[in-house]
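Note that the protein sequences, when read in sequence, are chains C and R.
First residue of the first sequence: 1, per the numbering used here; consecutive thereafter.
First residue of the second sequence: 1, per the numbering used here; consecutive thereafter.
None of these hints come from the bench; they were simulated from the model.
Idealized CB from N, CA, C, for every residue including glycine.
Cross-link-like lysine-lysine pairs, in silico, DSSO-like; alpha carbons within 27 Å at most:
| # | chain 1 | residue 1 | chain 2 | residue 2 |
| --- | --- | --- | --- | --- |
| 1 | C | Lys28 | R | Lys82 |
| 2 | C | Lys95 | R | Lys36 |
| 3 | C | Lys36 | R | Lys124 |
Here chain R is said to cover these stretches of chain C; the calculated rule only asks that three of the stretch's residues, wherever they fall, bring their Cβ under 8 Å from a Cβ of chain R:
| # | stretch |
| --- | --- |
| 4 | 17–26 |
| 5 | 189–202 |
Listed below are the residues making up each chain.
There are 2 protein chains.
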Amino acid sequence: MTERPALLLDLDGTLTDSVYQHAIAWRKALELGGIKLSVWRIHRRIGMSGGLLAESLARETGRELSEKQARQVKQAHARLFKAQMRDVRLLPGAKELMQHLTKLKVPWAIATSGARISAQPLLKLVEPPDGVPIISRDDVEHAKPDPDLWIAAAARLGVSIESAIAVGDSVWDLLAARRARALGVGLLSGGYGQEELERAGAYRVYEDPADLLLHIDELGIRAA
Amino acid sequence: MTERPALLLDLDGTLTDSVYQHAIAWRKALELGGIKLSVWRIHRRIGMSGGLLAESLARETGRELSEKQARQVKQAHARLFKAQMRDVRLLPGAKELMQHLTKLKVPWAIATSGARISAQPLLKLVEPPDGVPIISRDDVEHAKPDPDLWIAAAARLGVSIESAIAVGDSVWDLLAARRARALGVGLLSGGYGQEELERAGAYRVYEDPADLLLHIDELGIRAA
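Assemble the whole structure, with the sequences as input and the hints as a guide.
Have a look at this one:
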């Protein structure tokens with residue numbers, strides 16, 4: 001007999017409509033650090049840990065960042081993103097999906113590559129019910145595309161990762177899901193194309209939380 | 001004997017790195033008009049005429065806009081985009097591509113779905129040489145995905161549209177190219193996925209103007 005699937009949810013681009021603001025904040029922060037990059041290239045790295053993102057983009061431009069410079073870029077990004085927070089909204093269906101899962105007593109958690117401090121204002125928007133585990137960058141050694149975040153989320157719920165469904169909007173969420181041996185589900189709400197998410201191993205791709213909720217039977221999510 | 005191909009270039013996302021700022025400006029403008037939409041849905045409409053964009057998004061949310069409301073939303077977008085202009089940069093290779101075409105005496109033009117007034121600050125960044133035709137929303141009855149803009153650009157160059165290559169970053173550029181019977185070339189620099197552009201009929205897809213320039217022989221662009 002298989003376990004009931006638990007749902008592990010990414011935060012940026014999966015529950016909150018915040019990916020484009022992140023991309024623009026990173027572009028400015030990187031430019032302040034002397035790294036000139038187009039927004040689309042940055043967009044395609046959102047969802048990675050901030051450290052990996054800054055490093056991989058620095059490598060792409062052939063410009064090494066010292067530890068201090070990387071920290072400054074990350075700090076500038078946090079500041080520039082915060083300045084745009086008032087334009088960030090919940091994605092359609094985010095509230096309803098969370099309520100549905102809670103009502104059905106499906107075990108669920110939030111796992112984000114962001115640091116707890118930058119996730120905080122987004123979580124205020126999301127308002128997850130008490131008791132829902134929130135796993136952030138600070139709780140694991142490596143963020144996505146490493147599997148640690150999804151694995152830590154399943155562990156906190158006390159479910160096996162092999163029975164869990166990891167939902168995210170980026171290629172990194174899905175690669176991390178495969179490495180964790182969870183089932184990956186993609187959402188278009190982060191701005192990736194459907195085929196990009198499918199090629200990264202998505203079991204299914206939905207538009208946003210509202211569309212996932214509409215098709216939740218496809219994931220075998222049901223009342224206990 | 002075939003004619004030498006002329007190159008018709010889109011502006012936003014093709015020469016300038018301005019798509020993400022447009023998407024965020026439209027999100028805010030639409031919200032001011034009472035239409036709540038996720039940024040990714042708006043992103044996927046950038047490159048359409050502003051009128052079509054506002055209308056199609058209003059239809060998607062089941063909310064009709066009066067002519068006055070549509071005009072107000074467009075004005076709010078123009079204002080909000082302008083406020084972000086100082087963060088807009090040229091895309092890598094844009095200058096070099098234009099210089100190369102001019103040096104080779106390849107006929108080329110710029111054709112944008114934007115109104116002349118909103119294209120103006122971007123053109124200041126692009127600095128096209130004198131004599132390069134600039135076709136904007138104001139010059140045609142219908143913007144992309146209608147074929148009018150590409151057709152008008154070819155006409156202004158005095159070349160046949162069937163021999164022209166239309167370069168753009170959005171699905172709408174490529175659909176308009178097919179309707180015009182031009183060859184469409186896609187760029188990833190507007191943030192679409194490669195497969196989305198291929199499925200819209202792109203003959204080739206490059207990363208950005210720099211990557212196009214690197215592979216320009218694939219397009220049969222050569223000195224006279």
